[in-house]
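J.: Given next are the chains, with one letter for each unit.
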Amino acid sequence: MTTYEDDLIALLLGDRRRSPALARWLGTLEGRRELRAYRRTLAALEQLYGDAGAAPRRTIYYCAIPTPIGRVFVAASEAGLVRISFRQSEASLVDELRQRLAADVVRSPARTADVVHQLRAYFAGERWRFDVRLDLRHITPFQRRVLMAAARVPAGKVVSYGEIARRIGQPHGSRAVGQALGHNPVPIVIPCHRVVAAGGRIGGYTGGLTIKRKLLRLEGAVAAAG
Amino acid sequence: MSPPRVTLAELTERHRGEIVGYLARMLGDRQEAEDACQDVFLRAHRAFARLGPEAKSRAWLYRIATNTGLNAARSRARRVARAIAVDPDALPADAGPSPERREELRAMKRAVEALPPRQRAALMLRQFQGLGYAEIAASLGGNEVAARANVYQALKKLRAALGEAR
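Chain order of the listed sequences is W and H. Using the working numbering, the first residue of the first sequence is number 416, and each one after it goes up by one. Using the working numbering, the first residue of the second sequence is number 20, and each one after it goes up by one.
It should be emphasised that the hints constitute simulated quantities derived from the structure, not laboratory data. One or more of the hints may lead you astray.
Just the calculated beta-carbon pair ranges, DEER-fashion [as the list claims (entries may be wrong)]:
hint : chain 1 : residue 1 : chain 2 : residue 2 : range
1    : W       : Q514      : H       : Q57       : 16 to 24 angstroms
2    : H       : G182      : W       : E461      : 18 to 26 angstroms
3    : W       : D430      : H       : E29       : 26 to 34 angstroms
4    : H       : G182      : W       : D519      : 36 to 44 angstroms
5    : W       : A536      : H       : A126      : 50 to 58 angstroms
6    : W       : T418      : H       : E163      : 21 to 29 angstroms
7    : W       : D519      : H       : Q57       : 21 to 29 angstroms
8    : H       : A133      : W       : A612      : 54 to 62 angstroms
9    : W       : D510      : H       : A126      : 37 to 45 angstroms
10   : W       : A438      : H       : Q57       : 43 to 51 angstroms
Predicted model, so just to flag it, every value in this text is computed and none were measured. Ideal Cβ positions, reconstructed from N, Cα and C, are used throughout, including at glycine.
Please work from the sequences and hints to get the whole structure.
T.: Here it is in structure tokens:
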């Protein structure tokens with residue numbers, strides 16, 4: 416339509432500076448009209464596909480419960496359980512969810528009641544398995560495989576990092592397994608505390624070894640817990 | 020001796036947000052974007068071990084994301100149009116868009132959806148993902164001139180959708 420269209424786009428995108436010829440054209444009726452039209456095009460694009468449009472924030476609900484291992488936070492989205500956290504302050508948990516998961520964070524015992532109920536039963540020694548949906552969309556496929564393998568270890572039993580590595584078909588990956596378990600977003604529900612070092616040593620735990628031992632003792636795996 | 024290595028978990032954590040945003044802009048559907056994003060990091064995971072550290076960069080991820088997004092757009096083209104993630108009627112009302120403005124946004128959205136997928140990808144990379152033309156060329160294949168032409172072509176079509184604006 417016009418020979419200056421490319422120049423105008425280049426100017427608006429910051430690709431090129433205004434040439435004298437373009438400046439003259441922008442003084443014409445046609446130039447002014449096109450400048451307005453392209454500005455509105457970019458503004459509409461921004462409104463439709465800018466941050467709000469492309470990535471609507473989800474809401475994550477959380478609450479805190481007292482347990483034998485201290486205060487435990489439970490956080491869940493509409494899709495499922497997002498986070499179990501202990502030895503963390505409320506402010507730091509809320510910050511983490513808000514920033515790393517780009518979510519709105521709301522305290523809501525009602526929306527987390529089901530998981531909380533199951534956790535209470537666990538700490539009371541009344542149940543060892545959890546029946547909850549998980550919302551773990553932010554983990555890597557490798558981490559997912561490791562966590563799913565850990566989830567199959569029953570209460571009262573422990574397995575080694577190397578054994579998990581073998582079960583996911585990566586026999587030399589026990590270090591990577593350890594790392595993936597260290598970043599387990601939902602400890603207890605996915606029982607990474609049941610994975611220990613070779614030779615009966617307890618291995619590591621992000622929540623601290625005291626808590627790892629307590630959980631294993633609660634489940635009756637105390638001998639292996641060293 | 021070797022340079023500090025970025026792990027895939029770190030890469031995922033660092034870039035997941037922007038990649039899923041990019042895919043949502045490319046596909047116009049949040050859920051589809053989430054699914055495609057899973058795919059991107061799965062592919063990245065498979066390729067990760069084979070590649071040198073220079074490949075494990077943001078531009079490299081964008082290349083995988085672009086291919087994944089283009090594939091998703093292609094297979095979707097054969098299906099019925101899906102629910103849209105960006106409904107102009109559901110936009111925040113604080114600016115109080117007039118009926119005219121709403122109509123304009125609707126027309127713009129139709130125009131974006133009618134763009135060839137490569138042009139749409141190039142436009143989103145330039146406008147929202149902060150990539151330069153060299154990086155766009157690397158993500159999309161082809162050279163910088165073609166990358167820029169894709170962005171400009173896309174904008175011309177969108178501007179045309181506004182019609183003879185006042």
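J.: Indicate, hint by hint, whether the structure satisfies it.
T.: Structure-based check of all given hints:
no.	hint	in the structure
1	W:Q514 <-> H:Q57: 16 to 24 angstroms	22 angstroms, holds
2	H:G182 <-> W:E461: 18 to 26 angstroms	20 angstroms, holds
3	W:D430 <-> H:E29: 26 to 34 angstroms	33 angstroms, holds
4	H:G182 <-> W:D519: 36 to 44 angstroms	38 angstroms, holds
5	W:A536 <-> H:A126: 50 to 58 angstroms	56 angstroms, holds
6	W:T418 <-> H:E163: 21 to 29 angstroms	22 angstroms, holds
7	W:D519 <-> H:Q57: 21 to 29 angstroms	23 angstroms, holds
8	H:A133 <-> W:A612: 54 to 62 angstroms	59 angstroms, holds
9	W:D510 <-> H:A126: 37 to 45 angstroms	41 angstroms, holds
10	W:A438 <-> H:Q57: 43 to 51 angstroms	49 angstroms, holds
Of the numbered hints listed earlier, not one is contradicted by the structure.
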